[in-house]
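There are 2 protein chains.
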Amino acid sequence: MKMQDGLSEFLERQLRNRYGLSSADYQVLAHLSETPEGRLRSFELGRLLRWEKSRLSQHLGRMQNRGLVSRERCPSDQRGAVVVITPRGSDLIKVAAPQHVADVRDVLIDHLTAAEMAVLVTIGDKVGERLAALEREQ
Amino acid sequence: MKMQDGLSEFLERQLRNRYGLSSADYQVLAHLSETPEGRLRSFELGRLLRWEKSRLSQHLGRMQNRGLVSRERCPSDQRGAVVVITPRGSDLIKVAAPQHVADVRDVLIDHLTAAEMAVLVTIGDKVGERLAALEREQ
DNA sequence: ACCGTCTGGTTGACATGTTAACCAAGTGCC
DNA sequence: GGCACTTGGTTAACATGTCAACCAGACGGT
Numbered sequence: 035m036k037m038q039d040g041l042s043e044f045l046e047r048q049l050r051n052r053y054g055l056s057s058a059d060y061q062v063l064a065h066l067s068e069t070p071e072g073r074l075r076s077f078e079l080g081r082l083l084r085w086e087k088s089r090l091s092q093h094l095g096r097m098q099n100r101g102l103v104s105r106e107r108c109p110s111d112q113r114g115a116v117v118v119i120t121p122r123g124s125d126l127i128k129v130a131a132p133q134h135v136a137d138v139r140d141v142l143i144d145h146l147t148a149a150e151m152a153v154l155v156t157i158g159d160k161v162g163e164r165l166a167a168l169e170r171e172q
Numbered sequence: 035m036k037m038q039d040g041l042s043e044f045l046e047r048q049l050r051n052r053y054g055l056s057s058a059d060y061q062v063l064a065h066l067s068e069t070p071e072g073r074l075r076s077f078e079l080g081r082l083l084r085w086e087k088s089r090l091s092q093h094l095g096r097m098q099n100r101g102l103v104s105r106e107r108c109p110s111d112q113r114g115a116v117v118v119i120t121p122r123g124s125d126l127i128k129v130a131a132p133q134h135v136a137d138v139r140d141v142l143i144d145h146l147t148a149a150e151m152a153v154l155v156t157i158g159d160k161v162g163e164r165l166a167a168l169e170r171e172q
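Protein chains in written order, with the working numbering: chain A, 35 to 172; chain B, 35 to 172.
Wrong hints could be hidden among the right ones.
Each pair may be met inside one copy or between any two copies, as identical chains are not told apart.
[Claimed, not checked] Listed next, the in silico DSBU-like pairs over lysine-lysine satisfying Cα-Cα at most 35 Å (straight line):
(1) Lys-160 x Lys-128
(2) Lys-160 x Lys-36
(3) Lys-36 x Lys-87
(4) Lys-128 x Lys-36
These are computed hints drawn from the structure, not numbers from a lab.
Can you make the complete structure from the sequences, with help from the hints?
Put into structure tokens, the structure is as follows:
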């Protein structure tokens with residue numbers, strides 16, 4: 035648990051200090067920039083991030099005010115919104131992503147042996163399994 | 035990272051649904067209940083939790099309103115506050131703690147071999163080391 | 001076509017966390 | 001003693017997350 039908190043706090047702070055991004059912002063931009071068009075339906079983004087819809091809506095509103103994304107009406111579904119990454123958002127993520135990856139290496143990956151890394155992945159999978167099972171049960 | 039988020043979210047939700055406690059509340063009560071008198075200087079609690087002082091102050095205010103803790107002036111330092119767990123807080127944590135531990139087993143520990151557990155501890159230590167080193171550097 | 005239900009999304013009220021400013025009491029040095 | 005500096009703690013303003021209520025458009029059975 036301490037490792038958990040320490041890692042998130044460190045990574046969050048790096049992103050915020052260097053680029054003015056929260057890790058929430060980062061994840062939104064990362065997902066958008068991974069699509070060929072830099073655009074996603076709102077609910078798709080929500081599914082990818084596993085965020086509640088109200089959180090997504092509020093967060094996108096703030097990111098829109100800061101000029102990182104914009105929203106368009108969806109032509110095929112009149113209810114829908116399409117989220118589009120702006121040039122500014124795109125530039126930011128292009129700079130921030132490599133540095134963020136470097137930070138993760140610096141504070142975690144570089145200090146693990148291949149065997150340790152493998153075990154960590156196994157543990158992640160097992161926990162993911164268990165959580166998914168609990169979610170199906172409920 | 036996903037494991038991280040999934041675990042915290044699950045544990046947080048269990049605590050909240052069953053006892054109306056956030057994990058922040060839980061940690062405060064846990065630390066208090068571990069002292070013989072159920073009381074701690076505010077800044078001691080802050081050091082243990084690694085919380086900023088304003089966060090601590092705000093959170094204790096809310097917990098006080100809910101009757102989980104109370105605050106007294108410190109006799110030896112007129113600036114100081116002593117945080118005391120109330121009977122209600124004490125009862126709550128006595129019920130919540132075993133269940134919380136059981137949840138952690140259920141979703142993590144029970145699914146790991148002894149070897150995996152050992153590696154996880156090693157990784158935690160290494161990351162802790164690295165973060166502490168970065169903090170000393172700053 | 002019509003109506004009940006589901007789905008995508010927004011909003012308001014509230015809980016929580018961060019930063020910066022502030023205040024009052026200790027501490028150290030002259 | 002007096003004065004600068006540090007320390008413990010609170011507060012205000014703001015960013016973020018949650019829940020519940022709401023609205024409008026889609027969808028399915030009749």
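If you check each hint against the structure, which ones fail? none
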